[in-house]
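Engineer: This is what each chain is made of:
Number of protein chains: 2
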Amino acid sequence: MTETPQTEAVQNWLAKLETALGRGDVQAAVDLFGDDCYWRDLVSLTWNITTSEGRQQIADMLAATLAGAKPSNLKIDGEANETDGVVDAWFTFETAAGRGKGLVRLIDGKGWTMMTSLQELKGHELPQGTHRPSGVEHGAFRDRKTWAEARQDELKGLGYETQPYCVIIGGGQGGIALGARLRLLGVPTIIVEKNERPGDSWRKRYKSLCLHDPVWYDHLPYIPFPEHWPVFSPKDKLGDWLEMYTRVMELDYWTKSEAKSARYDEAKGEWEIVVDRDGEEVVLRPKQMVLATGMSGVPNVPDIPGQDVFKGEQQHSSQHPGPDAYAGKKVVVVGSNNSAHDICAALWESGVDVTMVQRSSTHVVKSNTLMELALGALYSEEAVKNGITTDKADLIFASIPYKVLPAIQKAQADETKRRDKDFYDRLEKAGFDVDFGDDETGLFMKYLRRGSGYYIDVGASELVAKGDIKLAKGQVVRLTEDSVVLDDGSELPADLVVYATGYGSMNGWAAKIISQEVADKVGKCWGLGSDTTKDPGPWEGELRNMWKPTQQEALWFHGGNLHQSRHYSQFLSLQIKARMEGIDTPVYGLPEVHHLQ
Amino acid sequence: MTETPQTEAVQNWLAKLETALGRGDVQAAVDLFGDDCYWRDLVSLTWNITTSEGRQQIADMLAATLAGAKPSNLKIDGEANETDGVVDAWFTFETAAGRGKGLVRLIDGKGWTMMTSLQELKGHELPQGTHRPSGVEHGAFRDRKTWAEARQDELKGLGYETQPYCVIIGGGQGGIALGARLRLLGVPTIIVEKNERPGDSWRKRYKSLCLHDPVWYDHLPYIPFPEHWPVFSPKDKLGDWLEMYTRVMELDYWTKSEAKSARYDEAKGEWEIVVDRDGEEVVLRPKQMVLATGMSGVPNVPDIPGQDVFKGEQQHSSQHPGPDAYAGKKVVVVGSNNSAHDICAALWESGVDVTMVQRSSTHVVKSNTLMELALGALYSEEAVKNGITTDKADLIFASIPYKVLPAIQKAQADETKRRDKDFYDRLEKAGFDVDFGDDETGLFMKYLRRGSGYYIDVGASELVAKGDIKLAKGQVVRLTEDSVVLDDGSELPADLVVYATGYGSMNGWAAKIISQEVADKVGKCWGLGSDTTKDPGPWEGELRNMWKPTQQEALWFHGGNLHQSRHYSQFLSLQIKARMEGIDTPVYGLPEVHHLQ
Chain A
1 MTETPQTEAV QNWLAKLETA LGRGDVQAAV DLFGDDCYWR DLVSLTWNIT
51 TSEGRQQIAD MLAATLAGAK PSNLKIDGEA NETDGVVDAW FTFETAAGRG
101 KGLVRLIDGK GWTMMTSLQE LKGHELPQGT HRPSGVEHGA FRDRKTWAEA
151 RQDELKGLGY ETQPYCVIIG GGQGGIALGA RLRLLGVPTI IVEKNERPGD
201 SWRKRYKSLC LHDPVWYDHL PYIPFPEHWP VFSPKDKLGD WLEMYTRVME
251 LDYWTKSEAK SARYDEAKGE WEIVVDRDGE EVVLRPKQMV LATGMSGVPN
301 VPDIPGQDVF KGEQQHSSQH PGPDAYAGKK VVVVGSNNSA HDICAALWES
351 GVDVTMVQRS STHVVKSNTL MELALGALYS EEAVKNGITT DKADLIFASI
401 PYKVLPAIQK AQADETKRRD KDFYDRLEKA GFDVDFGDDE TGLFMKYLRR
451 GSGYYIDVGA SELVAKGDIK LAKGQVVRLT EDSVVLDDGS ELPADLVVYA
501 TGYGSMNGWA AKIISQEVAD KVGKCWGLGS DTTKDPGPWE GELRNMWKPT
551 QQEALWFHGG NLHQSRHYSQ FLSLQIKARM EGIDTPVYGL PEVHHLQ
Chain B
598 MTETPQTEAV QNWLAKLETA LGRGDVQAAV DLFGDDCYWR DLVSLTWNIT
648 TSEGRQQIAD MLAATLAGAK PSNLKIDGEA NETDGVVDAW FTFETAAGRG
698 KGLVRLIDGK GWTMMTSLQE LKGHELPQGT HRPSGVEHGA FRDRKTWAEA
748 RQDELKGLGY ETQPYCVIIG GGQGGIALGA RLRLLGVPTI IVEKNERPGD
798 SWRKRYKSLC LHDPVWYDHL PYIPFPEHWP VFSPKDKLGD WLEMYTRVME
848 LDYWTKSEAK SARYDEAKGE WEIVVDRDGE EVVLRPKQMV LATGMSGVPN
898 VPDIPGQDVF KGEQQHSSQH PGPDAYAGKK VVVVGSNNSA HDICAALWES
948 GVDVTMVQRS STHVVKSNTL MELALGALYS EEAVKNGITT DKADLIFASI
998 PYKVLPAIQK AQADETKRRD KDFYDRLEKA GFDVDFGDDE TGLFMKYLRR
1048 GSGYYIDVGA SELVAKGDIK LAKGQVVRLT EDSVVLDDGS ELPADLVVYA
1098 TGYGSMNGWA AKIISQEVAD KVGKCWGLGS DTTKDPGPWE GELRNMWKPT
1148 QQEALWFHGG NLHQSRHYSQ FLSLQIKARM EGIDTPVYGL PEVHHLQ
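If you read the protein sequences in the order shown, they are chains A and B. At position 593 of the first sequence (counting the first as 1) the number is 593 in this note's numbering, and the numbers step up by one without a gap. At position 484 of the second sequence (counting the first as 1) the number is 1081 in this note's numbering, and the numbers step up by one without a gap.
Just so you know, the hints here were simulated from the structure itself, not pulled from any lab data. Quantities reported herein were computed from a predicted structural model and do not represent experimental measurements. Just to be clear, a hint being listed does not mean it is correct.
Quick list of in silico lysine-lysine cross-link-like pairs, DSS-like style, CA-CA up to 30 Å [to be verified]:
hint, chain 1, residue 1, chain 2, residue 2
1, B, K801, A, K145
2, A, K366, B, K804
3, B, K742, A, K204
4, A, K392, B, K853
5, A, K145, B, K791
6, B, K1063, A, K156
7, A, K403, A, K534
8, A, K256, A, K156
9, A, K256, B, K698
10, A, K156, B, K804
11, A, K329, B, K742
12, A, K470, B, K742
13, B, K963, B, K927
14, B, K672, A, K385
15, B, K989, A, K392
16, A, K145, B, K698
17, A, K330, A, K403
18, B, K1063, B, K804
19, B, K884, B, K853
20, A, K466, B, K742
21, A, K256, B, K753
22, B, K804, A, K330
23, B, K927, A, K156
24, B, K1070, A, K385
25, A, K429, A, K470
26, B, K989, A, K145
27, A, K145, B, K753
28, A, K385, B, K801
29, A, K101, B, K1063
30, B, K801, B, K926
Some chain A residues flagged as far from chain B (calculated, every beta-carbon gap over 12 Å) [unchecked claim]:
hint, residue
31, T130
32, K145
33, R183
34, R203
35, S208
36, P214
37, P221
38, E243
39, S367
40, R450
Here a beta-carbon is modelled for each residue, glycine too, at the ideal position from N, C-alpha and C.
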């Protein structure tokens, strides 16, 4: 078979890199890269999630990791492609501990972006396909234990007679996805969840909620949604899916359970977690603890004078039960992001007199536009037809360095502005302040930098434009017995005030469960250090503390949307499994802490 | 692109056939077939499941159906293959009502086997892929109904305020698979199941049971088992899967419910089914009723003198709770097929003194041999790698006329005998009578002809060979107070007698629920009319009454293993949907009834 010139170019480039890496010749390796270059590693070389930017950082990373990681056997996987002068290709490789998959992009024959990811640990491959279990032990044995008996023993004994290696606090999509990965890797794990049933974290949200991300972006590992699944999952339907998933993946999922406290015993190298399991106190002693309590962290409830004299109801958006009880009443919703919009729209649909208080400008993007421009190439029916499986899409997504992302996002945002000009004009005419972020880069950068400040429009913006959802602007200065008073002196009568005022950083959970000291030690979670609103510098180049080692040994943070819960649970699970198996995992590039929250 | 000569040959052949069919020129059409030829149609031309054998039968079928079905647009799908002089190719086609998929095999340029199958009805395509629902109605609407509310309304109202179009009696794998298909086709359906939970029909069987068929053969429609699913599902694990499947497919599944009686009202064209729903009497009035109570029909319990004087326990195999209560006791199992072997082995594993009574010879085949020789090409990890999806495998399987099957099966059986000669020698040495069927064709023909007479060995045969399971041979003539007496006068002491004596024909369920008259009108179910043991002639060429119209209007039988439940539910669901939509469905070739049971 003859190869294309592009494929040949990548093969040659990989061969040279392999030789250089094999010899430990860092200089020869970095000479293969251009001036503008990036190497993002997902736990294959660094036992960390890191992006090395520029030749010097790449050299530092390789110098520190080559001897231990021993990358080898770099082989192009399929043909290379060329788009606008950028040649890209998939490749596979090995390390001392595992097998990996990478994606490289060359410009003028020099490396521009390199992504390496650990896919499996040698000797600990997933029991899938040809490795799947038999299910039955053929033959006849006295005192055979059936699957049901073994499962029952595990459900009864784990956490009592035997200790789990890992405990995940929080059983939403993040805890469930990670739990499934650990299950298949054979890591004994207990998931601690306060709700009655898996999926309740969705079920208990406001009743009209549907996912704002489309189905192709939302799959869980191992059991994808079927082909007839709706584009936007209704929350209760998603709840049912999570519940069945938890069951058939055989997760050890403790419902009605809450971690009351946790303490790391340095000497023993294990956690002591006190769990209230439906009224019973159980002490768990795992080697690893994951906080998967939601990337949104602890709810922010603002402290406003007069909250004690207000005679109506006050709720954080996370506590809002939906509109049913409020028909005919007056509701003021403080905030103008996703939750505020969804809650306002549902209230309006139920005939409630509802006012949204916009305190600062908001990024709004129509759901269809976002799906088409931002996700369409990777996560859509079209992408599926083009052979872009979910795994491939995730890795392509992950292969773009965070430094490079804003330029790509800005082009999408510019196209969004053009395409939906009328829509934005109508919103502004109604007095609603729209922004596209500090540097006009739109939704996804806001999500990565601060996890807030936007609304994906599924209908509420039209109500705002038409004045059906009333709009007020300014800061809330106080509450009276029956109203909300803004800084311009205006008074909004209210039977209910909903604080759609967001959430703190995830390390707030560490403060709550472990201690303020440990929370401060690990520092702020999420955000890239972009030095934009709510994402202070210095530049980190990765999401802080997410899915990777933190300054607190054996403490991990896991969270994000369904996409992130799916994709990054892979790397977190491999890090935990490697530790359980006693594989050497020297962490390269653990960042300093710059912000406490 | 240049085509292979084989592909060109099939294209030409299909073009000629299309022309002939389009002109209604039956003679020209059958002239394209060889002397030895078959056309198996799965409801695309005949609204029936029929095999026309030879040119005359094909001519008769085409003459009767062409004007209504209007087959057209026959297009080869992919490239043709040639194996041992047989050229085969997939093709697509249309009819007046739908779109179909076919598989044709040519020998010397003439048609040998032709399979046509209906895949979808025009205007009633499945809501999948690009047709999937949105899940959310973007925009804001007063009194919007959420998914959860709509689902709740349906669960409460169906069968009370509104009538289902279809009722399925029996919620095992058959009822569930068919229910899922009807759900996606938008046919309001209630499944009536006597057990507490979906999956209980498996859970309640003996505790060591695992499926004897491998995972690739067992998928349900729409949600395949994940890649880590065991090769042989343990029964409780399968039960959990069925339960979650029923839930996420949103089936209207009535548990703790039993059909007490059913009566067809010819004038109204509907059934009146009296259901005991957990103590409440509900009358359902669907247009269609499906008996999916298991292909095995009503349990056969033999009538033996002394059953009234025996002081121990007596059970049919379907009632056997597993070995736990019988350690240290003496058990006699009457019968030597699958259930008998599994029950004996589980009893031996629990330290029970167990004797198997072999009344007639049994076909035994080792599970691994069967998997490799009989299923490997279509249902295995290897097949998946070769691009043979489950759908493709099912259609390939279905494309082989039942008349042709014995020769293929005999070759496999011969190879089995060679390969496992030592095994069979050991069994015979232990006194166990092994057969390979009247014509030495092995397991699958026994399954299709009589649904009994075999054991797929997963370990019990070794116990028989070693004498751990004691073997007795002969007919049971009577029971004493504490023993089973055989026709040679030998006496087997027993605390428990298990009758692993099989089941009657499925029309026994019609007798139980509807009337003996209707059961006799539809006649025996299952079996091909092969004129071999327990499958009396005349030759039918298809399984009697299964998944196709019967002599009783609006009454259908559905059952079989997981493979058949999956594949044939497609054709049964399309037949029911077509009737609901008022599509003309003239049935060709409804067979006469020759046997009452």
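Engineer: Hint numbers the structure violates, sorted upward?
Structural biologist: 2, 4, 6, 9, 16, 17, 22, 23, 24, 26, 27, 28, 29, 31, 32, 33, 34, 35, 36, 37, 38, 39
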